Amino acid sequence: MVKNSQKFKHPKGLWLINVMIAIQSYASYATSGFLILFYTYSVEQGGLGLDKTFAGDVMAYLGTIGSLLPLLGAYLTDKYIGMQRAIQFGILFNSIGTLFTAFAHGRFYVFLIGVIINSIAGAFFRGNLSAIVGELYDEKQVSMKDAAYSIFYTFVNIGSLLGPIIGGLIYQDWGATKGADGKIAVYGFTPAFLMVSICLFITFLLFTFGKNKLLGDSGRYPVGKNKHESAEENKEDLKGSKYDKGRLYAAVIIFVFSTVFWSAYFQTQTTITLMTDELVNLNVLGFDMPITWLVSFNGFLCIVLAPIFGWFWMKKAEKNNDWKVATKMGWGMLLTGLGFVCFVLGLQSLGGKLDGSIKMSIWYVLGGYFVLTVGELLVSPIGMALFSKLLPKKFAAMSMAMWYFTYVVSSWITGKTVGWTETWGYEKVLTIIAIIMGVLGVLLFIIANPLEKIMALDKIGKEDEEELEVQQA
Numbered sequence: 017m018v019k020n021s022q023k024f025k026h027p028k029g030l031w032l033i034n035v036m037i038a039i040q041s042y043a044s045y046a047t048s049g050f051l052i053l054f055y056t057y058s059v060e061q062g063g064l065g066l067d068k069t070f071a072g073d074v075m076a077y078l079g080t081i082g083s084l085l086p087l088l089g090a091y092l093t094d095k096y097i098g099m100q101r102a103i104q105f106g107i108l109f110n111s112i113g114t115l116f117t118a119f120a121h122g123r124f125y126v127f128l129i130g131v132i133i134n135s136i137a138g139a140f141f142r143g144n145l146s147a148i149v150g151e152l153y154d155e156k157q158v159s160m161k162d163a164a165y166s167i168f169y170t171f172v173n174i175g176s177l178l179g180p181i182i183g184g185l186i187y188q189d190w191g192a193t194k195g196a197d198g199k200i201a202v203y204g205f206t207p208a209f210l211m212v213s214i215c216l217f218i219t220f221l222l223f224t225f226g227k228n229k230l231l232g233d234s235g236r237y238p239v240g241k242n243k244h245e246s247a248e249e250n251k252e253d254l255k256g257s258k259y260d261k262g263r264l265y266a267a268v269i270i271f272v273f274s275t276v277f278w279s280a281y282f283q284t285q286t287t288i289t290l291m292t293d294e295l296v297n298l299n300v301l302g303f304d305m306p307i308t309w310l311v312s313f314n315g316f317l318c319i320v321l322a323p324i325f326g327w328f329w330m331k332k333a334e335k336n337n338d339w340k341v342a343t344k345m346g347w348g349m350l351l352t353g354l355g356f357v358c359f360v361l362g363l364q365s366l367g368g369k370l371d372g373s374i375k376m377s378i379w380y381v382l383g384g385y386f387v388l389t390v391g392e393l394l395v396s397p398i399g400m401a402l403f404s405k406l407l408p409k410k411f412a413a414m415s416m417a418m419w420y421f422t423y424v425v426s427s428w429i430t431g432k433t434v435g436w437t438e439t440w441g442y443e444k445v446l447t448i449i450a451i452i453m454g455v456l457g458v459l460l461f462i463i464a465n466p467l468e469k470i471m472a473l474d475k476i477g478k479e480d481e482e483e484l485e486v487q488q489a
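If you're matching positions, the sequence shown starts at 17 in this note's numbering and goes up one per residue.
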């Protein structure tokens, strides 16, 4: 992070985007915690009735497609559409696609129609909602942009805190149908998805009626086609920098490490969810806690810890001894590996009895989630802000699309891991993940200095001044 002590007030448009991402995150996380259960529970129980391996494959392929399409969406956004219209279009279609999922009722083809619509929708708003944050600031306001993405990430986690709590209550209690014995006969997946569709439509209305006043021209036009800028200013937006080549190399390196991180982290939505459902005692003080609340625990921790991390980074920057990007992410990798060690220790506490007759303490899972969250805060907001800086302005939407593109391989691996646990077992798979994360963390420490050099973050916004000095010399 580059030191910047200039006082600056965040634009009002940031708060519009923050409220939107909070609602969108709430809607997304309301279902992500039980999605694998929706796939695998029988049709009679309200699910799709898929076997675990096929369900994992479905998640892998859908996650991959959903992460590939934003690259196409980013290209169309930068060249023809503009971020504002892309976001508006995407959120509306996301609401419609989720409505199809809500009323699938075991009909796989209806579910697929919803998936196709949602995939197209995600291509246009998934990365743009993040990218437009960077458009609200001048490129020289490096520290303010970092602060903006930290605030943005906090709102993401406000949604991720509330979504699983309410989503879990809907599918497991409020919207569920119980038999005469008091046990759940049909889970409330349909009302849970319906709630998500409604929330997304509210977000669409909020953006439609608020964008002109609060966002102004930020992200309104395709790159280089701003009607309120001169031809020279538009040309400047398309201009490159002598540092671009090194920054692109750095972006590729960060992309690889981030992909591996998300491959591990998103096990919480598949492998860890299934393990918890089968082998963890979720009864807390006589209350059977919905599995989705574990995702809320992660959101709660992010809300509590993110401001502490933000304060810590600002203090380091003020003293001009901020950690290098690779050092931050290296610690994130190591802590993620440690989180998986917690899960492995929980499995070992069962003494080899994996038939569900003995349940592990939930504290192993909560401990693992705590460490994973600390690791997440050292990788995700850092990487998100970094991608908005490393790519040239002419690739404004593409920068966030590349960040979300890290989900492509990670989504495939995350889904495939479900099948691997069927063959190797939970303990072996989670141990391998812990080791990989530890090795990559150490590797990031080793390459920290050369990576910092090629990123040239201290030169951002100063390229024109350097070019002018060279011309005058």
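Think of the hints as simulated: they come from the structure by calculation, not from any bench.
Predicted, not measured: the structure shown is a model, and the values here were computed from it.
The reader is advised that the hints may include incorrect statements.
In the EDC-like style, the derived pairs of lysine to aspartate or glutamate whose C-alpha atoms are separated by at most 16 Å in a straight line are [what the hints assert, rightly or not]:
1) 475 with 260
2) 405 with 294
3) 261 with 468
Computed spacing ranges between beta-carbons, pair by pair [what the hints assert, rightly or not]:
4) 195 with 68: 18 to 28 Å
5) 68 with 335: 36 to 46 Å
6) 65 with 224: 11 to 21 Å
7) 304 with 368: 19 to 29 Å
8) 461 with 189: 38 to 48 Å
9) 332 with 369: 44 to 54 Å
10) 332 with 379: 31 to 41 Å
11) 125 with 189: 47 to 57 Å
12) 77 with 119: 15 to 25 Å
13) 95 with 222: 24 to 34 Å
14) 189 with 361: 54 to 64 Å
15) 233 with 361: 28 to 38 Å
16) 468 with 67: 43 to 53 Å
Backbone N, C-alpha and C fix where the C-beta goes; we use that ideal spot for every residue, glycine too.
Comparing the hints with the structure gives:
Pair hint residue 475 plus residue 260 holds up; C-alpha atoms about 11 Å apart against a cutoff of 16 Å. A hinted pair counts as satisfied when its Cα atoms are at most 16 Å apart, and residue 405 with residue 294 does not qualify at roughly 44 Å. At roughly 14 Å between alpha-carbon atoms, residue 261 and residue 468 fall within 16 Å of each other, so this suggested pair holds. Between residue 195 and residue 68, the C-beta spacing of about 25 Å keeps the proposed range 18 to 28 Å intact.
Between residue 68 and residue 335 the CB atoms are about 51 Å apart, so this pair departs from the stated range of 36 to 46 Å. For residue 65 and residue 224, the Cβ-Cβ distance of about 38 Å falls outside the hinted range of 11 to 21 Å, so the restraint is violated. Checked against the given bound of 19 to 29 Å, the beta carbons of residue 304 and residue 368, roughly 26 Å apart, stay inside it. Distance hint check for residue 461 and residue 189: the Cβ-Cβ separation is about 46 Å, which falls inside the suggested range of 38 to 48 Å.
Between residue 332 and residue 369 the Cβ separation comes to about 47 Å, which falls inside the hinted range of 44 to 54 Å. For residue 332 paired with residue 379, a C-beta distance near 32 Å keeps the hint of 31 to 41 Å intact. Residue 125 and residue 189 have their C-beta atoms about 30 Å apart, which leaves the hinted 47 to 57 Å range violated. Distance hint check: the CB atoms of residue 77 and residue 119 are about 23 Å apart, consistent with the given range 15 to 25 Å.
Between residue 95 and residue 222 the CB atoms are about 27 Å apart, so this pair conforms to the stated range of 24 to 34 Å. Restraint check, residue 189 to residue 361: a C-beta distance of roughly 31 Å breaks the suggested window 54 to 64 Å. Between residue 233 and residue 361 the beta carbon distance is about 54 Å. The supplied range of 28 to 38 Å is therefore violated. Between residue 468 and residue 67 the C-beta distance comes to about 47 Å, which sits within the given range of 43 to 53 Å.
In summary, the numbered hints that this structure violates are 2, 5, 6, 11, 14, 15.
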